[in-house]
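Quick note, the sequences are listed as chains A and B, same order. Residue numbers for the first sequence follow the numbering used here, so the first one is 1 and each next one is one higher. Residue numbers for the second sequence follow the numbering used here, so the first one is 1 and each next one is one higher.
Since the hints were derived computationally from the structure, they do not count as laboratory data. Keep in mind it's a predicted model, so treat the numbers as computed, not measured. Yeah, the Cβ is synthetic: ideal placement off N, Cα and C, and Gly gets one too. There's no promise every hint is true.
[Said to hold, decoys possible] With a cut-off of at most 30 Å between alpha-carbon atoms, the simulated DSS-like pairs for lysine-lysine come out as follows:
#1 Lys214(A) <-> Lys156(A)
#2 Lys111(B) <-> Lys69(A)
#3 Lys187(A) <-> Lys146(B)
#4 Lys202(B) <-> Lys53(A)
#5 Lys202(B) <-> Lys111(B)
#6 Lys20(B) <-> Lys193(A)
#7 Lys188(A) <-> Lys62(B)
#8 Lys120(A) <-> Lys188(A)
#9 Lys148(B) <-> Lys193(A)
#10 Lys62(B) <-> Lys142(B)
#11 Lys196(B) <-> Lys188(A)
#12 Lys193(A) <-> Lys23(B)
#13 Lys142(B) <-> Lys53(A)
[What the hints assert, rightly or not] Which residues of chain B face chain A? A few of them, derived with a C-beta cut under 10 Å, are:
#14 Leu83
#15 Glu200
#16 Glu203
#17 Leu204
This is what each chain is made of:
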Amino acid sequence: MPSIKIPRKSTDTDMTPFVDIAFLILSFFIMATKFKPPEPVEIKTPGSVLSQKMPESNAVLISIDSANKVYFTILSEKEPTKFDDVINEINEKQKLGLTPAQISNFRKTFMVGVPFTGLKQLLDIEGKEQINVKQPGIPVMDSTNNQLIWWIQASKNAFAGEKLVYLIKGDGNSKYPAFEAVIEALKKNEEFKYSLVTSLDDIPAGSALDLELKRLK
Amino acid sequence: MASIEGGGDSGHKKGPGVKKAKKLSTRVDMTPMVDLGFLLITFFVFTATMSTPTTLDLNMPKDVDDDKKKTEVKQSGVLTLMLGKGNQVYYYEGQLEVGEGVNNFKQTTMKGVRQIIIDKKTEVIGRYNPATVDPKSCEDEKASAKKKGDPNWEDACKDMDFVVIIKPDEEATYRNTVDILDEMTINKVKRYAMVKLGKEEKELIKATEASEPK
Chain A
1 MPSIKIPRKS TDTDMTPFVD IAFLILSFFI MATKFKPPEP VEIKTPGSVL
51 SQKMPESNAV LISIDSANKV YFTILSEKEP TKFDDVINEI NEKQKLGLTP
101 AQISNFRKTF MVGVPFTGLK QLLDIEGKEQ INVKQPGIPV MDSTNNQLIW
151 WIQASKNAFA GEKLVYLIKG DGNSKYPAFE AVIEALKKNE EFKYSLVTSL
201 DDIPAGSALD LELKRLK
Chain B
1 MASIEGGGDS GHKKGPGVKK AKKLSTRVDM TPMVDLGFLL ITFFVFTATM
51 STPTTLDLNM PKDVDDDKKK TEVKQSGVLT LMLGKGNQVY YYEGQLEVGE
101 GVNNFKQTTM KGVRQIIIDK KTEVIGRYNP ATVDPKSCED EKASAKKKGD
151 PNWEDACKDM DFVVIIKPDE EATYRNTVDI LDEMTINKVK RYAMVKLGKE
201 EKELIKATEA SEPK
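Please put together the full structure from these sequences, using the hints given.
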């Protein structure tokens, strides 16, 4: 009786296509990843249905954290001289007497959340180290000493003649009075248009906006 | 494991006395490379910030002291929303009337507010009477609606009397404020304003909050 020969198949599979795909995905993620800039405070923004993109340059970012502390940031990647303009004006008007080293350190400062009296101390700390420093927030709640007004004025002058967007990034759990104080400071500078930073939410089905967008399609 | 197919078959005989050169395999063990590849993929997947932040535009009016320059709105088309503690929304239509027998101060939540806005809007649109309206006052709106390709462009300014006034109180969170502004976009409310809370309203909210069981 002839024995049936079962051919022995190799378990060694060719993994080349698999590896190809893996590296393709890898290169995609490397390209698509944009690292979050280190933030000294974590801010969870509420959602909204609007999908305008947030500008990354020519903007002033005012952040409000969950403890209602207000921080100020200038976004100007292309023109670092704007940072110098702003800090010089603050230095002059508030008579802070900052050293040139402190002024140049302002470029590396990601967020300012100190009153003018504490600015000198903050700028003594190296830009990267500032993340570990707990900042008390810019005083805004007192309407006679709303220091944010000066920061906005300084940046308004630095960006004179250019487009400047005022971004307000608030934590969802911060209370309304802090937001109102920020708006008050902007209003004092004759600025009435702001952009609120939000994350993207879905448009509720059947709502008026939903129907309009469907019609436009 | 992973391998590149290398070399041909290990040759034919070259005749007697000729020593066969030792052929080294070109097969490379790719396992470590694959390991590393997947490690990197995992790393980038976790650190990737795919969701780019978006922005919501907000326009605030200039503060005017002159009464003549203030915007006038029809009482019948006004819906006032007050944001309170713990996602509560208080609202009234028209003028606030709280007294004996009359009380139009009502309460809802962030979820229920959409229906109230829609209801009020429908009511205002239903009351629209072209005879009482200056036809010139809404020509611009009709024209822009027509331009956008709205088939109902004739109705563009039927809701012109509809105004929502938003009054967040001290306990309202920023999330609620943004949500209510978002609600304006969702329901296509064209006229809305953020106003400071009045004294009487503040007291009413306080009283309502105090009377509620916790």
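Holds or violated: Lys193(A) to Lys23(B), with C-alpha atoms at most 30 Å apart
75 Å, violated
Verify the interface restraint on Glu203(B): the C-beta must sit less than 10 Å from at least one C-beta of chain A.
18 Å, violated
Given hint Lys111(B) paired with Lys202(B) - CA-CA distance at most 30 Å
Satisfied, since the Cα-Cα distance of roughly 22 Å is no more than 30 Å.
Are Glu200(B) and chain A close enough, Cβ to Cβ, to be under 10 Å, as the hint says?
19 Å, violated
Should the interface hint for Leu204(B) be scored as holding, given a Cβ-Cβ cut-off of 10 Å against chain A?
This interface hint is violated because 17 Å lies over the 10 Å limit.
What's the verdict on Lys196(B) and Lys188(A), does the C-alpha distance respect the 30 Å limit or exceed it?
Judged against 30 Å, a Cα distance of about 17 Å means the pair holds.
Hint consistency between Lys202(B) and Lys53(A) [alpha-carbon to alpha-carbon, up to 30 Å]:
37 Å, violated
Given the proposed pairing of Lys187(A) with Lys146(B), does the C-alpha separation stay at or below 30 Å?
34 Å, violated
CA of Lys214(A) to CA of Lys156(A), is that 30 Å or under?
With Cα atoms ~40 Å apart, Lys214(A) and Lys156(A) exceed 30 Å; violated.
With a cut-off of 30 Å on the C-alpha distance, tell me whether Lys148(B) and Lys193(A) pass.
Holds: Lys148(B) and Lys193(A) sit about 24 Å apart, inside 30 Å.
Going straight from one Cα to the other, do Lys142(B) and Lys53(A) come out at no more than 30 Å?
29 Å, holds
Within a Cα-Cα threshold of 30 Å, do Lys62(B) and Lys142(B) meet the stated pairing?
27 Å, holds
Of the numbered hints listed earlier, those contradicted by the structure are 1, 3, 4, 6, 12, 15, 16 and 17.
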